Every structure is written in structure tokens, then in C-alpha cells.
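Visitor: For the sequence shown, the UniProt record's numbering assigns the number 1 to the initial residue and increments by one for each residue that follows.
One should not assume that every hint holds.
Calculated lysine to aspartate or glutamate pairs in the DMTMM-like style (CA-CA distance at most 20 Å, straight line) [stated by the list, open to error]:
1) K288 <-> D322
2) K524 <-> E562
3) K704 <-> E628
4) K760 <-> E779
5) K799 <-> E815
6) K710 <-> E691
7) K288 <-> E319
8) K133 <-> D76
9) K149 <-> E49
10) K647 <-> D669
11) K60 <-> D83
12) K627 <-> E691
13) K291 <-> E262
14) K910 <-> D73
15) K604 <-> E691
16) K910 <-> D322
17) K604 <-> D705
18) K232 <-> E310
19) K292 <-> E319
20) K367 <-> E296
21) K875 <-> E815
Simulated from the structure, these hints should not be mistaken for laboratory data. This one's a predicted model, so the numbers in the text were calculated from it and none came from an experiment.
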Amino acid sequence: MALGELLLASFFKVLFEKLAMLATGELLNFARAEQIHTLLMQWSRKLEEIEAVLADAEEKQIIERGINLWLADLEDLAYDLDDVLDEFATEALQRKVMAEPGASTSKVRALLPTCCTSFNPRTLMSDFKMRSKIDDITTRLQDIFERRKGIGLQKVDSRTSAKAWKRPPTTSLIYEPHVYGRDKDENGIIELLLGDESGDNKVGVVPIVDDKHNGRNELAVLDMLQPHENLKELTISCYPGPRFPTWVGDPMFSKMVCLQLENCEKCTFLPPLGCLSSLTRLHIEGMKAVKKVGLEFYGWSCSNPFPSLETLCIWDMPEWEDWSPSGVEKEVQAFSRLSMLSIQSCPKLFGKLPSNFPCLRNLEIRKCPQLVHQMRNTIHFNSLTKLHLNDVSILDSLHTDLADEVVLGTEAGNHLGSLTSMHVGCIKKITSLPRCFFQEVKGLQRLTINNCEQLATLWPNEAALQNHLPALGRLVIQSCPQLHSLFEKEEKENEGKLQQQHKVLPFRMRLEHLQIRNCGKLEKLPLGMQTFTSLQELTIEECPCLISFPSTDFPTTLRTLEIIKCLVSFQNTVLPSALRTLRVEYCDDLQSLPELKMHNNLEKLEVRSCPSLTYLWSSNGILPSLKELMISSCGMLESLLSDEGMKISCSSLESITIYGCKNLKSLPDVMQNNSLRNLRELDIRTCDNLESLPEGWCPTTNMKDLNIFKCKKIEALLHQTHNNNFTSLQQQEVRSCPAGIASYFPNLTSLDIGKIEISKPPSEWGLYRLFSLRELSLEDFDWVSFPEDGMLLPSSLIKLFIVSFPNLDKLSSKEFQNLTSLEELSVFDCPILTSFPEQGLPPSLLHLEINECPNLTSFPAQGLPPSLLHLKIFKCPNLTSFPVQGIPPSLLHLEINNCPVLKQRCERRKGQYWPFIAHIPCVLLDNKSIFFHKQLRVRCVNS
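Required output: the full structure, derived from the provided sequences and hints.
Guide: The structure is reproduced here in C-alpha cells:
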């Protein structure tokens with residue numbers, strides 16, 4: 001029995017129970033009074049006849065579209081019938097309660113589900129809306145009852161069905177990280193939930209959810225079934241019920257270590273999880289109806305709640321107001337091992353949290369503004385090492401409103417004395433950090449401050465920090481738009497005097513990493529930068545008011561310097577010899593880089609989008625350690641060195657990228673006996689005036705990757721390279737240059753050719769001699785067919801991309817059949833292409849993508865390759881049908897965009913191709929899955 005049949009069968013069982021309850025027993029009087037007793041008996045008999053043919057319908061639905069539609073209509077009817085029966089039962093219960101002595105409206109409402117409390121006592125059958133529902137159910141049931149014979153359904157005992165499901169014996173599953181939930185994998189869901197598998201088997205269970213019926217079948221895939229007691233990990237997403245099944249949180253799951261509850265938006269209470277003795281990780285998110293967390297969460301009879309829990313995350317609970325362990329005995333220690341607590345996006349949470357987390361080391365609170373006011377006086381964090389506060393007001397409350405800073409400092413020391421890392425963000429109204437908050441936090445090593453809109457300076461006086469933050473090694477400040485300096489009083493003091501003070505400040509002696517980003521009013525860095533004797537990394541980004549560095553040199557220990565989106569000038573600035581990485585980006589006024597010392601150790605240089613830069617250095621072309629050079633979008637750059645006659649010495653260079661430097665005419669010569677012998681990658685793009693490469697720039701020994709793109713005057717360069725045999729070259733991209741050069745690089749594995757002025761016919765390109773070529777991309781050719789007559793492609797090709805062929809009408813059958821290793825074919829922007837190769841596509845093909853081919857009308861007559869895994873069809877409106885052979889059973893991913901007819905024919909349960917694609921795990925139509933919008937997801941891992 002397949003899962004779809006099992007779900008309908010189990011749902012029929014529920015319907016029969018409800019019908020029996022209404023037709024007999026204590027609700028019989030209600031049914032007779034409403035004159036629906038006979039109708040209910042008729043419904044029940046018809047449902048029995050329909051249930052008898054379910055097994056046969058499930059067997060035949062894949063090949064019979066009519067049966068598939070019959071099952072869909074039956075499922076719709078079953079859910080609607082269930083709704084009506086619920087309304088009957090609710091009305092009957094309401095009348096019974098109201099008939100009792102002392103009954104009141106409030107009492108009735110307390111007994112009924114919230115969805116049903118809108119009913120008023122009435123004669124049910126006199127309600128026009130209900131009468132219409134009953135008539136509709138009767139008509140649809142009769143139609144389905146009669147259609148069962150017309151489509152050839154017969155009574156079949158599901159126990160003898162070829163697909164009957166049986167619980168397998170205890171076994172160890174092979175690890176298969178698939179997502180179950182399509183028709184093909186329904187048995188896997190049952191085996192997973194009920195089986196006694198062992199081993200770390202990570203299996204995702206994704207049953208189909210129909211929004212129309214509020215996921216009632218899933219209330220049954222969770223209420224009726226439960227995982228084996230050896231369950232190790234469990235994830236439940238989008239559960240549609242108001243309460244979790246009783247087995248969630250059952251102490252019998254003593255081996256469960258990880259539990260996630262996500263987006264179960266209708267649940268009003270958390271399940272009792274405290275008795276899960278081995279649970280170490282608990283993640284709760286999107287429980288938007290929960291208002292209180294109390295004893296029910298800990299477990300009503302649990303003597304030691306959450307004894308093993310180490311990580312607790314509670315996110316996105318907008319209605320949560322109170323976390324109160326009231327009812328838990330005082331001598332009971334809950335969360336005795338909790339080391340990480342994260343609470344996010346709980347704006348109404350207020351009051352006391354559990355007061356004692358003896359092992360808590362990491363605390364993260366975001367977007368809980370009402371919570372932090374209470375925390376300071378109610379919770380002790382003696383073991384806390386990491387604290388992350390975002391969009392809260394705790395620092396504001398510790399500021400000038402409370403005058404006794406000595407008391408506050410002592411309090412901070414008591415609460416946060418063990419802290420080593422702190423992140424604060426979105427703290428409103430503070431203009432500087434309160435000294436009391438940091439004066440006793442002597443072990444703090446990392447401090448990050450972001451999005452503090454009114455922060456103008458960190459501290460009023462750096463000298464006052466002599467006894468504060470002695471261990472601080474990393475300081476990050478970002479998105480503080482009013483910050484103008486780190487220490488406010490520096491500008492009023494004598495620089496020489498300050499330098500004497502700075503020499504003894506632990507803050508300067510220990511700081512290793514300083515990052516300042518997006519601080520629009522920052523005017524200067526701290527004076528005496530060279531006294532930061534441990535500084536290794538300095539990043540300044542998006543600080544447009546910072547126009548120069550201090551007159552003194554950078555610290556001699558500096559290894560990484562990054563300047564991004566600043567107007568800074570490097571005039572009279574010399575970089576330290578220890579520097580390894582220099583990165584300069586989007587500095588509009590920068591005309592040259594800072595000077596390097598003669599003996600430098602620079603290994604990586606990146607310069608991007610500096611439109612005023614005319615050269616890199618005014619002197620010294622000796623870069624003995626440079627390994628990577630990247631220059632891009634520097635439109636005024638004419639040369640690397642100010643003197644065109646100077647030579648460079650960069651024998652260690654491994655990678656050169658020069659992109660978008662339209663004024664660059666030439667590159668400097670290489671010093672004698674210092675050629676770029678270690679160069680592995682050379683990438684030159686959009687350099688219209690670059691005419692040639694000097695001798696020594698094209699070594700042949702180690703070159704692996706050569707890319708030349710949009711370089712109009714590069715022909716001389718290519719002829720120069722032809723004199724060499726690049727036997728080591730593996731990847732080449734050649735554009736805007738003469739054709740026929742590929743044969744000079746016999747060991748290529750990847751080749752990209754485009755926008756070529758054809759000086760030789762394709763038959764003379766010699767591509768077939770590239771025996772190692774695995775990937776070929778061709779773009780912007782005027783050919784009518786592909787390949788052109790006489791053009792031979794290497795049989796070693798695995799990937800082929802055909803892009804922007806405006807006149808391409810057909811693909812050659814013969815040449816495609818010779819591509820016996822081809823696994824991926826992509827055809828883009830071929831507006832008049834009408835058909836695939838007549839003899840079909842290579843049988844080895846795994847991935848096929850067709851994009852922007854509006855005149856393409858059909859797939860190959862021979863059908864799609866039997867091994868195809870991925871099929872993508874975009875913007876092909878005239879491609880309206882699949883091959884008559886159907887879809888290969890191997891297909892795992894089908895994506896259709898902007899193909900209206902084909903999309904319509906693939907719609908779930910409605911389209912004619914639905915029976916042929918229902919087995920595919922992932923089907924996207926216009927970027928939306930056809931299977932579900934909001935899904936119940938259960939993921940289980942058994943130990």
C-alpha cells in the first residue's frame with residue numbers, strides 16, 4: 001500500500017468513525033432531530049464502496065490520467081466532508097452543554113476549539129450555507145461513486161496488492177541523503193518513522209501538504225505514526241495543528257540529541273521537552289501563537305528538566321510574553337549544562353528569565369527590547385565568555401540615568417567578569433560607550449560595535465582607559481554614522497604629550513586587528529599609529545571624511561592593509577616592510593599608492609575602481625615576494641610604474657589579472673634573469689589599448705590559465721605567444737582576436753572563444769586535436785548550423801555551451817553523436833533554432849538547458865537521453881510538448897520558465913503531463929514548486 005493510499009485509507013477510517021458517532025450512540029438524537037440520520041447512512045455506504053477500490057486506483061494512477069484525476073477529486077471531497085462532519089459534531093456538543101444546568105456561553109466556548117466558537121444554537125438544516133454544503137457533498141459523492149466503474153476500478157484487497165507496504169525487519173540503512181515525499185518514495189517515509197534502523201542515517205521527510213485542507217493528512221503522517229525510540233535527531237516544520245502530538249517530547253526517546261521545531265505557527269504551547277534526557281541541541285523558531293512558556297515546557301513530572309541541553313535557540317516568537325518556570329520545585333536545577341542561549345525577535349518578552357544558568361558561556365539577545373531591562377538584576381552570568389546584544393537598550397540603561405558609576409562598574413564586574421568577546425549593535429541614544437560597563441571587564445579580547453546611530457566617540461579620553469580593556473586584541477566598528485574619532489579629547493591635546501602616554505597604554509600594546517567600516521563622519525585615526533605595537537590588520541571602509549593618515553608611519557607589525565571607498569591620500573606615507581596584503585578599492589581621488597620600502601614582503605596586491613590612479617608607484621619595481629596582482633576598473637591607469645623605462649622584478653608572481661584599464665598601453669619589462677617563470681594564471685580583459693606583452697610575461701613552463709577578452713589590439717600579443725608551445729596550459733579564454741589559435745595549446749582542458757573575426761574557416765581551427773579538452777564555450781557566431789561543415793569537435797568534451805548564435809537553425813546530428821562523453825549541453829539565445837539533432841542527443845547527457853530559443857518547437861524524435869538528470873527550459877514559448885516517449889525515469893530536476901503552454905500541461909494534478917512528472921523530486925514552474933507552498937517537514941535520524 002503506497003503512502004497516498006495509506007493516508008486516504010486512514011482518513012477514511014476517521015470519516016467512518018465520525019459518521020458512526022453521529023449515526024449511533026449519544027449523538028444519534030442530534031442526527032435524527034436534524035433529519036440527517038438517513039443521509040449519513042447513505043454517505044457511509046457509498047464511502048465503503050469507494051474505499052474498496054482505493055488499492056486498485058493507487059496501482060493504476062501513474063499510467064491512467066483519468067484515475068489520477070478521480071483520486072484528486074476524492075481527496076478534495078474527503079477533506080470537505082470532514083469539515084462538515086466536524087461542524088455537525090460541534091453543533092451537537094454545543095447543544096448538549098447548553099442543555100446542562102448552569103450552562104453559559106463562556107462555558108461552551110471554553111470547551112470548543114477557537115475555530116468553532118462562532119456557532120450559535122440554531123436548527124442546522126435551516127441554515128442556508130450549511131444546506132448548500134450538504135447538497136454539494138451529496139452531489140460530488142454520487143459523481144465519484146458512479147465514475148469508479150467508468151474508469152475500470154475494481155475491488156482489490158490491499159493486503160494482496162503488489163505494492164502493499166510491510167514493515168521491514170530491523171536493519172541498517174545505507175546512507176542516502178534524499179528528501180522523501182514524492183510518490184516514488186512514500187514507502188521510505190513509513191519505514192523511516194516506524195523502522196528500527198541504526199547508524200547515522202540522515203533522511204528528510206517531506207510529505208505533500210495541500211493548503212486548501214490545512215494539512216489534515218499530515219495531522220494524521222504525525223498523530224498516527226511516531227518514530228522509533230532510537231530516534232537521534234528530529235525536525236518538524238510547518239506543523240498545522242494547535243498542539244503537537246503527544247509523542248513529541250516523550251521520555252522514551254532517550255537517545256534524541258537534536259530537536260528543531262520550525263514555523264509551527266498555530267501551536268499555542270510548546271511540547272514538554274524537559275524529560276528528553278539526552279537532548280543537547282534545541283532550536284525553536286516561528287512559533288507565532290505561543291504567548292507563555294512555563295511548566296508545560298519543562299514537563300509536568302520531570303524532576304531534572306533538560307539535564308543534557310547545551311544549546312537553546314528561541315527565535316521569531318512575536319507574541320511570546322513570559323518565560324516563567326513557576327511550578328518547578330526550587331531545588332530542581334533546570335538547564336544545568338546549558339552553554340549557549342540565543343533569543344531573537346521576541347519583542348513582547350518581558351519579566352524574569354530563569355535566574356540560574358551555571359554553565360552559560362555564550363548569550364545572544366537580538367530584538368528583545370523589553371527583556372534586557374530585567375536581565376541586569378535577575379540573572380548571574382559568572383561563566384559567560386561571549387555576549388551578543390542587538391537592538392536592545394541595556395547600555396542605555398547603564399548610562400547617565402544611573403549616576404553611581406562605581407556601583408555600576410562593580411555590578412558589571414560581578415556579572416561579566418569572565419567575558420572575552422562582546423558584540424553590541426543597534427543601541428540607541430548613546431553618544432559614547434559607558435565607562436562603567438567596561439572598567440571591570442578586564443578579560444575582554446574582542447569587541448564589535450555596529451549600527452549605533454548616535455555614537456560619536458568610543459570613549460571621551462583614551463588616557464582614562466589605562467586600566468580598562470587591557471586584553472583587547474580585536475576592535476570592529478561599523479555603520480556608526482556620527483562617529484568622528486575614537487577618542488574625543490585627542491584633538492585638544494599636544495601630540496607629543498599624547499605619544500608619551502600612548503607608550504604605556506595596554507590598549508595600544510595589545511590591539512592586533514582594527515576594522516572601521518561605514519562611519520561617514522570619521523575624520524582621523526588615533527594619533528601615534530606607530531605605537532600600536534601589535535597591530536597586524538587595519539581595514540578602513542566607507543569613511544569618506546578620512547582624507548589622510550597620521551603623519552607618522554604605520555606600525556612596523558602591520559601585515560594587512562585594506563582601504564575601501566575612502567578619499568584618503570597616501571602622501572608622505574611609507575608602507576612597513578612586514579606588509580603582506582594591500583587592498584585598495586573605490587578610492588576616487590587616489591593618484592598613486594604609498595611607497596614600498598626597498599626590502600618588502602608584499603605578497604598580494606589588489607587595486608579596484610580607482611578612476612584617478614595613473615600609476616601604481618613612482619619608483620621601485622622590485623617586488624620579490626609578490627604572488628598575486630589584481631588591477632581592475634582603473635580607467636586612467638597608463639602604466640604600473642611612473643617611469644616607463646623602469647623594469648620590474650617579480651619572479652614569485654603566480655597570478656596576474658588586469659581588467660577594465662582602457663588607457664593601459666604597455667606593461668613594464670622584466671629585469672634580466674628575473675622572468676615571471678612561476679606565473680600560472682594570466683587574465684587580461686577589456687584593455688583596448690594594450691598592444692603587447694613584454695618579453696618574460698609569457699613563460700611556458702607553468703602557465704595553466706590564459707584568458708584574453710575584449711582587447712582590440714592584442715593581435716601582436718597572440719602572434720608573439722604562437723612562437724611558444726604552451727604544453728602546460730589547461731584553460732584558455734580567447735575573445736576579440738583571430739581564430740585558429742587553439743591548436744597552439746595542445747593540453748587545454750577548458751576553452752572559451754567568442755566574438756571572433758573569422759580569418760580561418762572553423763574546419764581549420766584544429767579543435768579536434770585538443771585531446772584533453774573537457775569544456776568548450778562558443779559565443780556570438782553567425783553560423784547557420786552547429787558545428788559548421790567540416791568542423792570537428794574532440795570526443796573528450798564533457799561540457800558544451802552554445803551562446804548567442806543569431807542565425808543558428810539546426811544542430812548537426814552527426815557531430816553530436818560523436819560526442820560520446822558529453823554530459824552537459826547548454827544552448828542560449830539562438831532565436832531561430834527550430835529543432836534538435838535528428839538522430840537525437842548523446843546518450844551520455846546528464847544536464848540539458850535550453851534558454852531563449854523562441855522558435856524551438858520540439859524535442860528530438862528519439863526522445864530525451866535515458867540518463868538525463870536535470871532539464872531546464874527557459875523562454876521557449878513554442879516548445880509545447882514533451883517527446884512521445886515521455887520523461888526519462890532518471891530525471892531528478894525539471895525547471896520550466898516562461899513557457900506558458902508547457903507550464904500549463906505540467907500543472908499538478910490538472911496538466912496532462914502530471915502523471916509523467918509526479919515522480920520527479922524537484923519540479924519548478926516559473927520558479928515555484930508545483931508540489932506545495934507551505935509544507936510539513938519531518939526530518940529523522942535514528943541512532
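Visitor: Against this structure, judge whether each hint is valid.
Guide: Against the structure, the hints:
1. Restraint check: the Cα-Cα separation between K288 and D322 comes to about 14 Å, which is no more than 20 Å; the hinted pair holds.
2. Proximity of K524 to E562 is assessed by CA-CA distance (about 16 Å); at most 20 Å being required, the pair is judged to hold.
3. Note on K704 and E628: the hinted pairing holds, with a Cα-Cα distance of about 15 Å set against a maximum of 20 Å.
4. The suggested pairing of K760 with E779 holds, with an alpha-carbon distance near 17 Å, which does not exceed 20 Å.
5. With a C-alpha separation of about 14 Å, the suggested pair K799 and E815 falls inside the 20 Å cut-off, and the hint holds.
6. Taking the CA atoms of K710 and E691, the gap is near 12 Å; set against the 20 Å cutoff, the hint holds.
7. Distance hint between K288 and E319 is fulfilled; the C-alpha atoms sit about 6 Å from each other, no more than 20 Å.
8. Using a Cα cut-off of 20 Å, the hinted pair K133 and D76 holds, with the two alpha carbons roughly 13 Å apart.
9. Under the criterion of a C-alpha separation no larger than 20 Å, the hint pairing K149 with E49 is consistent with the structure, at around 11 Å.
10. For the hint pairing K647 with D669, the CA-to-CA distance comes to about 5 Å; that is within 20 Å, so the pair holds.
11. A C-alpha spacing of about 29 Å is found between K60 and D83, which places the hinted pair above 20 Å, so the restraint is violated.
12. Our distance criterion of 20 Å between C-alpha atoms is broken by K627 and E691, whose separation comes to about 24 Å.
13. For a cut-off of 20 Å, the pair hint linking K291 to E262 stands: about 16 Å separates their Cα positions.
14. As the CA atoms of K910 and D73 are separated by approximately 11 Å, the hinted pair is consistent with the 20 Å bound.
15. Restraint check for K604 and E691: not satisfied, since their Cα atoms lie roughly 26 Å apart, outside the 20 Å limit.
16. For the suggested pair K910 and D322, the alpha carbons sit about 48 Å apart, so the restraint of at most 20 Å is broken.
17. A threshold of 20 Å between alpha carbons decides the hint, and for K604 with D705 the separation of about 19 Å falls inside it, so the pair holds.
18. The straight-line distance between the Cα atoms of K232 and E310 is roughly 16 Å, inside the 20 Å bound, and the hint therefore holds.
19. Distance restraint check for K292 and E319: the Cα-Cα separation of roughly 9 Å lies within the 20 Å cut-off, and the hinted pair is therefore satisfied.
20. The suggested pairing of K367 with E296 is violated, with an alpha-carbon distance near 25 Å, which exceeds 20 Å.
21. For a cut-off of 20 Å, the pair hint linking K875 to E815 is broken: about 26 Å separates their Cα positions.
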